[in-house]
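*Asks:* One letter stands for each residue in the lines below.
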Amino acid sequence: MNADPMLPARYLVADTRRETHDSVSLRIVPAGEPLPAFRPGQFTMLYRQGVGEIAISVSGDPSAADGSLTQTIRDVGAVSRALCRCEPGDIVGVRGPFGTGWDLESAAGHDLVVVAGGVGLAPLRPVVLGALARRAEFGRVVVITGARNPREFLFREQLAGWADDPRLEVTLTIDQPAAHWHGQVGFVTEPLARQETEPARTIAFLCGPEPMMRFSAEALMARQIPAASIRLSLERNMKCGVGLCGHCQLGPLLICRDGPIVDYETAQPLLAVREL
Amino acid sequence: MTFPAAVLSMAGLDELISTLAGDGYRVVGPTLRDQAIVLAELTSAGDLPAGWAVQTGPGTYRLKRRADSAVFCHSAGPQSWKQFLHPPDRKLWSADRDGFHPADDRQQPPFAFLGVRACDLAAIDTLAGVLGAGAWPDRSFRGRYRGLFVVAAGCTEPGGVCFCASMGTGPRPGPGYDLALTEQIDQAGHRFVVEAGTEAGAQVIARISHRAAGEAELIAARAAVDAAAAAMGRQMPAVDLAGLLAASRDSVSWEQVAERCLTCGNCTMVCPTCFCTTTRDSSGETGEHAERWQHWASCFELDFSYLHGGSVRSSGESRYRQWITHKLGTWHDQFGRSGCVGCGRCIAWCPVGIDITEEIATLVALREEGAGEAAGD
Amino acid sequence: MTDAELLAGLPPFDQLSAEHLAAVASTAASVSFPAGKILFSEGEPAFGCWLIRSGQVALGSQMPGRGQVVVQTLGAGDMLGWSWLVPPHCWHFTAIAVTGVTAIEFDTTRLRALAETDPALGYPLALKLFEVVVARLQNTRSRLLDLYGNPRER
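Residue numbers (this note's numbering), protein chains in the order written: chain A, 5 to 280; chain B, 404 to 780; chain C, 381 to 534.
The shape of chain A in the complex, shown without the other chains:
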């Protein structure tokens, strides 16, 4: 284990892959001592020399045998832009693994409903990969993913593969009408409301912009799915990653420590408060 959680480990950028016009996936491998294994849903603090550090979720199979990590970054600011511009051979600093995971293990025996919006698919991909790897442990695996338009889906080739995979029930839906699109047009809550879910045997996993997660959680609750069975990945300003700097508070929660994965029973009253 990296003894000092504040000290980054050196990782080498092995591959880069442009996902959308503003998102890139990096596969990074340890340049020295590897970090401890990540669980799906956990995040790293990813550092680009001289620019800064941001929290990024792990978007690849966290059980990769070579100790590599796949992370998907959207260019939304100075650090993310610098990370998006990384090239193979570049060195990045990585701290982690931090935060709570999706805890897919505890969902064994249940139907899984995965609802992703935009780049929210990144931290959920390991859930789907995990469910496929141990497919027999779960009931139905429903994946509903929304994007602004067809060009803004992450992992497009993989999504196409999933859509054809009889082990999954995949719906792709877009917000903005687009030519040559053969999937659905509508907010993620629409295909979600059409699902014939069994409340007692459903566990939902949500990630995306906060209103999208609230609306989706409410749609699930309207189908009698208990708030405690709905898991969300929350986002706040993470700085230290280990509950020492105070930035990522959401009421009683330190999101880096008590999250990012939180159940809706906990999150609902907090997300309802303006500017909490």
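It is possible that some hints are incorrect.
Derived pair list, reagent style DMTMM-like, types lysine to aspartate or glutamate, alpha-carbon separation capped at 25 angstroms [claimed, not checked]:
no. : chain 1 : residue 1 : chain 2 : residue 2
1   : B       : Lys-494   : A       : Asp-8
2   : B       : Lys-494   : B       : Glu-688
3   : C       : Lys-508   : A       : Glu-202
Some but not every residue of chain A turned toward chain C, in silico, with C-beta under 7 angstroms [what the hints assert, rightly or not]:
no. : residue
4   : Ala-68
5   : Phe-142
6   : Thr-193
7   : Arg-198
Negatives, chain C to chain B, calculated, CB over 12 angstroms [claimed, not checked]:
no. : residue
8   : Ala-384
9   : Ser-412
10  : Ile-418
11  : Gly-457
12  : Trp-464
13  : His-472
14  : Gly-480
15  : Leu-494
16  : Arg-532
17  : Glu-533
18  : Arg-534
Quick caveat, the hints were computed from the structure, so don't treat them as lab data.
Cβ atoms here follow ideal geometry from the backbone N, Cα and C, with glycine treated the same way.
Once you've looked at the hints, dock chains B and C against the given chain A.
*Replies:* Relative to chain A, chains B and C alone:
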């Protein structure tokens, strides 16, 4: 284990300082500077603010002369022990071609804190609960905290903004000290009744000039400190603060306090337990050498809650609500205790005199009003 | 299973009384459409509405240079067709079956006549339909938030 109480003269106190210094401690205590009583390294008892007291109120801190030459009869000043245990600015690491190198700040000599009042002793313990505990303790803090030697001072003259008695942290110093002094000045002279809280404390006393304290002397010293409970300038309402704040997230009072609050963050800087930090990254011109520094941050800063696109808490009311709710409420959820020790610094050093106890009283009144209205319906 | 029994298990009809269900069922017929079938076209007089049982229907509009632009996809459980209810009683969008579709089709002329002669049926039915329209509106509003846009572009 209890140790026999002792009595030190002023010369004995001086000896205490030199003995601790001789043992390799950096002895830090109160001293006079820039019309305030600040904390700094002491070389002798002569550095202590003899004959000075302070007068505090909302937005007010003034030195005043005393008739006697007491050295510990002044309530909390603009600084706290936080600045030594959790420095305002420190390097976390540097990076070069060979990798990341942790800043080596663990080789510094340990601190001996002299004159720690009960509120501040509780604050040190509170900081240790945040930074020194948990799954990922701050190693740098732990290094400084572990070697600490604490000489507490029983507070006999609390100030106008003090409310430690109502926070349950004082005036008698709780556990956590090596030695606890109570300063006494009367016909019998200027002296310090000393109780040892640890073996290390008792051993230091054994090495300096002292005499055994009589039973009556010890009782009188304790009584003088306990009597201070009745002399607090302020009082925190005795309610379930965490519950009150959780139920007050939509209170109209936030708008009212935001009309006065400048969001300057002074309260968080002077608070002995506010621990929040941020980092800044820098790199040399060639980009080969880079450093990360950590410095104090305040939840009143606009970019404290920055998320790509904007800040979560952009309004002043949401930032004040965050501060007071964290301090008195959600700190319990996060760290199992209150974040407030009742030292009153945030009241004295608020440029517009916002009073944390008064804001709580307002919330209590609004809740009662609301409950009254609901009952009247 | 009779049409009334079928409707009894389906929102928005699941709360109606047995008597009212039977009345509504008398206006209903099970239908199916092949993929590509145009159910109705923009501008035409609006008659009929459908409760989709399976498959997908795309609502869209013809745009020069962009062809048929889909604004919304409807699927199982969704109600299709409101324009018969409100003036000027013309279809606003064009509905095309994306896949093979099965649905329950309502004779809206008869349904409206029933509702008008019996407010005890008309009011709850209108409320139920209103509930469905509100849900549709809220989902559309969610899309207007453009939640997945890059904050850099705002």
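*Asks:* Taking the shortest Cβ-to-Cβ distance between C/His-472 and chain B, state whether it exceeds 12 angstroms.
*Replies:* holds, 35 angstroms
*Asks:* Quick check for students: does the CB of C/Ile-418 sit more than 12 angstroms from each CB in chain B?
*Replies:* At roughly 42 angstroms from the nearest Cβ of chain B, C/Ile-418 sits farther out than 12 angstroms, so the non-interface label holds.
*Asks:* Just to be careful, I want the Cα atoms of B/Lys-494 and A/Asp-8 compared with a cutoff of 25 angstroms; is the pair within it?
*Replies:* Roughly 14 angstroms separates the two Cα atoms, so the pair holds.
*Asks:* Over 12 angstroms from every CB of chain B: does C/Gly-457 meet that, or does the non-interface label fail?
*Replies:* Per Cβ check, C/Gly-457 is outside 12 angstroms of chain B; nearest 35 angstroms; holds.
*Asks:* Does C/Ala-384 really sit off the interface, with its C-beta more than 12 angstroms from all C-beta atoms of chain B?
*Replies:* It holds; C/Ala-384 is separated from chain B by about 45 angstroms at its closest Cβ, greater than 12 angstroms.
*Asks:* Next item in the hint list is A/Ala-68. Is there a CB on chain C closer than 7 angstroms to its CB?
*Replies:* Not OK, violated: A/Ala-68 not within 7 angstroms of chain C, min 28 angstroms.
*Asks:* Are all beta-carbon distances from C/Ser-412 to chain B longer than 12 angstroms?
*Replies:* Since the minimum Cβ distance to chain B is about 47 angstroms, C/Ser-412 lies beyond 12 angstroms and the statement holds.
*Asks:* If I take the minimum Cβ distance from C/Trp-464 to any residue of chain B, is it greater than 12 angstroms?
*Replies:* holds, 43 angstroms
*Asks:* Would the hint on A/Thr-193 be counted as holding, given a Cβ-Cβ threshold of 7 angstroms to chain C?
*Replies:* holds, 6 angstroms
*Asks:* Over 12 angstroms from every CB of chain B: does C/Glu-533 meet that, or does the non-interface label fail?
*Replies:* It is violated; C/Glu-533 is separated from chain B by about 10 angstroms at its closest Cβ, not greater than 12 angstroms.
*Asks:* Could you check that no beta carbon of chain B comes within 12 angstroms of the beta carbon of C/Arg-532?
*Replies:* Violated: least Cβ distance 8 angstroms, not greater than 12 angstroms.
*Asks:* With chain C as the partner, please determine if A/Phe-142 meets the hint condition of a C-beta pair closer than 7 angstroms.
*Replies:* violated, 23 angstroms
When each numbered hint is compared with the structure, violations occur for hints 4, 5, 16, 17, 18.
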